[in-house]
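Visitor: Bring the two chains, given one by one in their own frames, into a single complex with the hints.
Just so you know, the protein sequences line up as chains A and B, in that order.
Be aware that the first sequence starts at 370, since it is given in the working numbering, and climbs by one per residue.
Be aware that the second sequence starts at 430, since it is given in the working numbering, and climbs by one per residue.
A couple of the hints might just be wrong.
What the hints assert, rightly or not - Distance ranges between label pairs, derived from CB positions:
id, chain 1, residue 1, chain 2, residue 2, range
1, A, Leu544, B, Gly645, 49 to 59 Å
2, B, Arg499, A, Glu525, 35 to 45 Å
3, B, Gly491, A, Arg463, 23 to 33 Å
4, B, His634, A, Glu526, 50 to 60 Å
5, A, Arg504, B, Arg467, 25 to 35 Å
6, B, Cys432, A, Arg504, 30 to 40 Å
7, B, Gly645, A, Glu525, 48 to 58 Å
8, A, Asn456, B, Gly436, 19 to 29 Å
9, B, Gly633, A, His505, 51 to 61 Å
10, B, Asp457, A, Asn456, 16 to 26 Å
11, B, Asp642, A, Leu535, 49 to 59 Å
12, A, Arg529, B, Ser433, 23 to 33 Å
These are calculated hints, taken from the structure and not from any lab test.
All values reported here derive from a predicted model rather than from experimental measurement.
Backbone N, C-alpha and C define an ideal beta-carbon position, used for all residues, glycine too.
The chain contents come next:
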Amino acid sequence: MGSSTPPDALSDEALLAGLTFGDVEAGQAFVRRFQSRVFGLALAVLRDPVLAEDVAQEAFLRAWRHGSSYDPRRGTVAAWMARITRNLAIDALRLRRAEVMDPQAMAAVVPPDDASVEDSAVTADTVAAVRRALRHLPDEQARALVLAAFYGRTAEEISRSEAIPLGTAKTRIRLGLRRIRLLLTTSAEEG
Amino acid sequence: MDCSEAGTMLDELALDVLPGDRRTALLDHLEGCRGCRRLLEELSESADALLLAAPVAEPPAGFEDRVLGRIPAVPAEGAARRTRAGSTWARADRRPARIRMFAAAAAAAALLAVGGVAGARLGGSGDDREFQTAQLISTGGSDIGDVSTYAGRPAWFFMRLEGALPNGTYQCVLDTDDGTVPIGSLWAHDGRGAWGEHVRVDPGHVTVARLVDSHGTTVATARIH
Numbered sequence: 370m371g372s373s374t375p376p377d378a379l380s381d382e383a384l385l386a387g388l389t390f391g392d393v394e395a396g397q398a399f400v401r402r403f404q405s406r407v408f409g410l411a412l413a414v415l416r417d418p419v420l421a422e423d424v425a426q427e428a429f430l431r432a433w434r435h436g437s438s439y440d441p442r443r444g445t446v447a448a449w450m451a452r453i454t455r456n457l458a459i460d461a462l463r464l465r466r467a468e469v470m471d472p473q474a475m476a477a478v479v480p481p482d483d484a485s486v487e488d489s490a491v492t493a494d495t496v497a498a499v500r501r502a503l504r505h506l507p508d509e510q511a512r513a514l515v516l517a518a519f520y521g522r523t524a525e526e527i528s529r530s531e532a533i534p535l536g537t538a539k540t541r542i543r544l545g546l547r548r549i550r551l552l553l554t555t556s557a558e559e560g
Numbered sequence: 430m431d432c433s434e435a436g437t438m439l440d441e442l443a444l445d446v447l448p449g450d451r452r453t454a455l456l457d458h459l460e461g462c463r464g465c466r467r468l469l470e471e472l473s474e475s476a477d478a479l480l481l482a483a484p485v486a487e488p489p490a491g492f493e494d495r496v497l498g499r500i501p502a503v504p505a506e507g508a509a510r511r512t513r514a515g516s517t518w519a520r521a522d523r524r525p526a527r528i529r530m531f532a533a534a535a536a537a538a539a540l541l542a543v544g545g546v547a548g549a550r551l552g553g554s555g556d557d558r559e560f561q562t563a564q565l566i567s568t569g570g571s572d573i574g575d576v577s578t579y580a581g582r583p584a585w586f587f588m589r590l591e592g593a594l595p596n597g598t599y600q601c602v603l604d605t606d607d608g609t610v611p612i613g614s615l616w617a618h619d620g621r622g623a624w625g626e627h628v629r630v631d632p633g634h635v636t637v638a639r640l641v642d643s644h645g646t647t648v649a650t651a652r653i654h
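Next up, chain B with everything else stripped away, as it sits in the complex (with noise of 0.2 Å):
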């Protein structure tokens, strides 16, 4: 398939209306086309925005408690399946004894990880854990994320990047009271990544979380406290 073919398939690909065995030789063609799934890209952000464009509607009343009350307080199975299968980082074994994370996550994908408190519904009344919120500074001083922090029981961070860094796997690690600590790694692309992990560490010990580049380099930091 060239690109001029391929050109006549992508917005229904973008679409998601491409019937399978046309699709499978149009995934084919982009695998070594970055020409064709750069166009594909902006067509899929067309494809959204027009999504994006219905209308809004309230939903009838109760709708908040009657969703929250399907949702179990704990986290979902297929994502522990598939953190299992890919996790890469932060086991016990590597991580300092005085500070202990928590062993349940870490995807390859390295968004969001999983662990929680069972026999609870997200529908049952909250509790007094406190969410915080930093900026993700650059050496350079510009604002190119930020960090939250739930300090809760376990505790999670989540890091998200939407600034200019090079592409590439960052290290995620916070600096403690009792020393530093990895914690996980952020997949850069075009300025954008995103990285969350459930953790024993309080976060009221954290002083500061930092990303590292492949050389140690600290290239941006968020001070928690």
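Looking at chain A on its own, in the form it has when it is part of the complex (with noise of 0.2 Å):
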């Protein structure tokens, strides 16, 4: 290893653990890497930049404060850092006591096919085939979805909201889920 590593040349796991040591380059270098993905989710969901910052900012902490409790066998560090800033953003809608149920919810959080990706070009891919995917499902089901995914808005809240029976918005929710997952193993095997 004879020569240093510039910081921003690390991994997202080592990035992670250097900011959970209170380590100050290192906590740079994974803020940095993650600011535009985090803000961006926020802002999607919530549609509102003061709001979103604060989740963003919030989401970051969080990433601090239980960086140990991350585990790289249930997904990666992006996925991890997602999940906290849709949970933050959810609660924050939750305290507005926000509607989400126009029909910008879904434009807000699937962006057409050429929005920037800042990632590997195999993420890029898979970001462009999932946003593909999402637009192609039936309206129905893009839409419980997304409501689900992004909103956090359960079963029986998507079925009060659409006045649809309580199965049929669990049904749509998983054909919705199930046709993401099979276009995700396809291409696996096809990569």
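Guide: Here it is, written out as structure tokens:
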């Protein structure tokens, strides 16, 4: 290993370790690496830049505080940060009692294909494929899936807001997510 | 609960929207059902992929400084409590006298450990300490991960496994100018695992980091210097 490695070249896991250790340079590199994704997700859910920044800041504080609970066998650091951000954004929505059932909800979290993706080429392909799959789902399935995945709505809540039977809401969520799973497992086999 | 009933709830669990009462019953079923656990893993990966497909957006100017200004340059308290409760290795009394390891750490899950410098925040300026990364090479010559070190005060090591090793627990060992030091355990599952720890040994004195299996056989090596 003779030469030094710039912090920006370290793995996501190593930077998270450094952040949790209270390390200045690793913490800076970690925030730089994830800030646009964390803020972007918070903004997509909340559609309020000020509130989104509050949520994004809190997400990084949580990462520092709970970094030791991150388990690489359960997913990537990026996915772990996304879940933290999503849960904080949902909490913020509930505090404001915000209504997210308007048609803009879908557009906010599922951008067009040419929206920027800050990631490796492989991940960028996956992101584009997931967005395409979401757009090609039947509207009612995509809507139920987005409401559950991004806004934390339970099947019961979706059933009430969409005025559909509970079983139908559960089926829409299930079919939507299975479609995404099929896409990802097929991509993995082809790749 | 049978697999058919579980299958109607797995998606909601993966999306973290399953109400508590049904969640408990489903978790009981998952405890004893490998097939449903496997499906849940795939669905959870799909749920993660959805979140990662959200648009990225640059935060307002100064965001990085504001975040770092809120994060103390010390280890998290929760991690310290969890570490003390679950610490299973690397205690001072087990170590060779000439190589002292920092005593604060090592969770049972063996991922990240703690220790640090009080009174500062991450928003402060960095210093001239060095990161280094070396490839972790299996005995068969494959690249199966990496080892990162940070030569600060205290220094830390981080080992990441992303390659084919049998499931199980492996000892992380440092070969130094003064001898061999076991510094922790890495739990590998499906070829993935990670472990990190603060150490008081100077990374400049470490020549090799190794992973050793339960039979004492070295299965992977990273050459540090």
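Visitor: All hints are to be evaluated individually against the structure, with a verdict given for each.
Guide: Comparing the hints with the structure gives:
1. Leu544/A with Gly645/B: 49 to 59 Å: Check passed, 52 Å falls within 49 to 59 Å.
2. Arg499/B with Glu525/A: 35 to 45 Å: holds (36 Å)
3. Gly491/B with Arg463/A: 23 to 33 Å: Since glycine 491/B and arginine 463/A have Cβ atoms about 28 Å apart, the given range 23 to 33 Å holds.
4. His634/B with Glu526/A: 50 to 60 Å: holds (59 Å)
5. Arg504/A with Arg467/B: 25 to 35 Å: The hint (25 to 35 Å, Cβ to Cβ) holds, given that arginine 504/A and arginine 467/B are roughly 29 Å apart.
6. Cys432/B with Arg504/A: 30 to 40 Å: 32 Å Cβ-Cβ, so the 30 to 40 Å window holds.
7. Gly645/B with Glu525/A: 48 to 58 Å: Because 55 Å falls inside the window, the suggested range holds.
8. Asn456/A with Gly436/B: 19 to 29 Å: About 25 Å separates the Cβ atoms of asparagine 456/A and glycine 436/B, which means 19 to 29 Å holds.
9. Gly633/B with His505/A: 51 to 61 Å: holds (55 Å)
10. Asp457/B with Asn456/A: 16 to 26 Å: For aspartate 457/B and asparagine 456/A the Cβ distance comes to about 24 Å; the hint holds.
11. Asp642/B with Leu535/A: 49 to 59 Å: Holds, at about 51 Å.
12. Arg529/A with Ser433/B: 23 to 33 Å: Since the Cβ atoms of arginine 529/A and serine 433/B sit about 26 Å apart, the hinted range of 23 to 33 Å holds.
Violated hints for the displayed structure: none, as all numbered hints are satisfied.
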